[in-house]
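Trainee: With the UniProt record's numbering applied, the sequence shown corresponds to residues 1 to 341, in that order.
By construction, these hints were calculated from the structure, which means they are not laboratory data.
The calculated lysine-lysine pairs, modelled on DSBU-like cross-linking and capped at a C-alpha distance of 30 Å, are: (1) K218 x K48; (2) K121 x K327; (3) K168 x K230; (4) K264 x K228; (5) K228 x K245; (6) K204 x K136; (7) K120 x K218; (8) K102 x K136; (9) K272 x K218; (10) K245 x K168; (11) K300 x K327; (12) K46 x K218; (13) K230 x K272; (14) K245 x K83; (15) K204 x K274; (16) K272 x K300; (17) K83 x K48; (18) K120 x K136; (19) K218 x K264; (20) K136 x K327; (21) K136 x K121; (22) K264 x K168; (23) K102 x K168; (24) K46 x K245; (25) K230 x K83; (26) K264 x K245; (27) K327 x K230; (28) K228 x K327; (29) K136 x K218; (30) K272 x K327; (31) K8 x K83; (32) K272 x K204; (33) K245 x K102; (34) K8 x K245.
Restraint-style ranges between C-beta atoms, simulated for each label pair: (35) E252 x L107: 30 to 38 Å; (36) P329 x K168: 22 to 30 Å; (37) L178 x S297: 20 to 28 Å; (38) D317 x L107: 39 to 47 Å; (39) D317 x L20: 44 to 52 Å; (40) N143 x D282: 34 to 42 Å.
Quantities reported herein were computed from a predicted structural model and do not represent experimental measurements.
Heads up, the beta-carbon is just placed ideally off N, CA and C, and yes, glycines get one too.
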Amino acid sequence: MNTTEFCKTFNLLDFVRDHLEGHQPFSMSLEDFVVTFHDVGIIEFKPKHESQQYLALSVGVHGNETAPMEIVSDMVHDLLNNKLTLRCHLLVMIGHPQAMLKEQRFLDFNLNRMFSGEWKKYWEQRDEICEVERAKRLEQAVNDFFAQSCANDTRTHLDLHTAIRASKYEKFAIYPYLGSREHNPALLNAMQDCGVNTILLYHKPSTVFSYHSSHNFKADSITVELGKVKPFGENNRDDFAAAEKTLRQLVESTYNYDHTARYKANGQRLFKVKRELLRVSDESHLNVDDDLANFSSFDKGFELLSDPQEPYIVENDGEAIVFPNNKVPIGQRMALVVEEV
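Produce the complete structure using the sequences and hints provided.
Mentor: Following this line, the structure appears as structure tokens:
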């Protein structure tokens with residue numbers, strides 16, 4: 001098959017399904033860029049003109065979160081067929097091809113808890129936990145990509161998801177812990193233009209993908225929840241129109257990603273983590289329904305976590321809960337208590 005025919009018929013999701021065991025790297029030189037297929041679901045676009053923009057888009061880190069994968073697959077097709085103009089360095093990653101094939105969140109272990117080198121703790125179990133090798137490969141792809149950039153270049157990593165549970169605010173994002181660095185108003189403004197009007201400012205280092213690129217490369221990184229999980233083919237793309245428009249503008253460098261701009265606010269809600277609720281014993285229990293929506297709030301005095309050692313009573317009206325889960329082992333997080341700032 002020649003290059004023209006390959007591009008015309010190319011579908012990223014089908015290509016990934018057909019190459020689950022991997023493939024040899026190969027490249028194609030097109031009119032405006034060189035595209036390199038590094039590995040299954042890992043594709044890099046290098047523009048033939050000067051650009052100081054480096055954009056990494058990861059989707060499908062959880063294999064049942066289909067809408068972002070469909071959006072990025074269409075963008076790749078349009079790039080290959082001159083329907084979308086490349087004006088930045090672009091890395092596209094389908095995070096978990098095996099889980100994507102089965103439309104499962106993960107197979108052996110939550111891939112989005114494996115980054116920042118966390119996979120090394122499980123290396124001897126890599127034959128039993130398929131996510132170990134994949135986390136290492138994705139980290140390496142990001143490392144190689146951003147290592148090409150210079151000090152003054154813009155580095156951005158958007159890790160795109162859809163949520164497994166309902167949320168009081170349908171679209172929200174988790175901004176990784178920055179330490180002494182400041183939150184970038186350009187990234188917060190871009191989230192608004194994606195239709196994301198709720199941001200959770202994370203409170204400590206973590207093992208999620210966006211923290212890896214933020215911490216190691218000072219990239220503008222963020223985990224974005226664009227809506228609710230649905231099977232392939234059942235997503236209403238109109239629900240994601242604002243996000244898709246902004247993503248395409250970022251690829252074309254027509255979006256005004258200005259680090260010196262003022263934060264627009266415009267009703268965007270910012271939350272900070274007040275407390276992490278851990279399972280400290282077999283008797284630890286959240287007093288909420290299993291399907292409680294993220295950002296549900298409580299009145300002062302409500303016993304949110306029952307436990308003979310470390311219960312938690314809501315201290316102020318309006319405290320809210322994110323990621324509640326009664327089914328975690330001892331020592332792991334059951335929920336985050338957050339408050340608006």
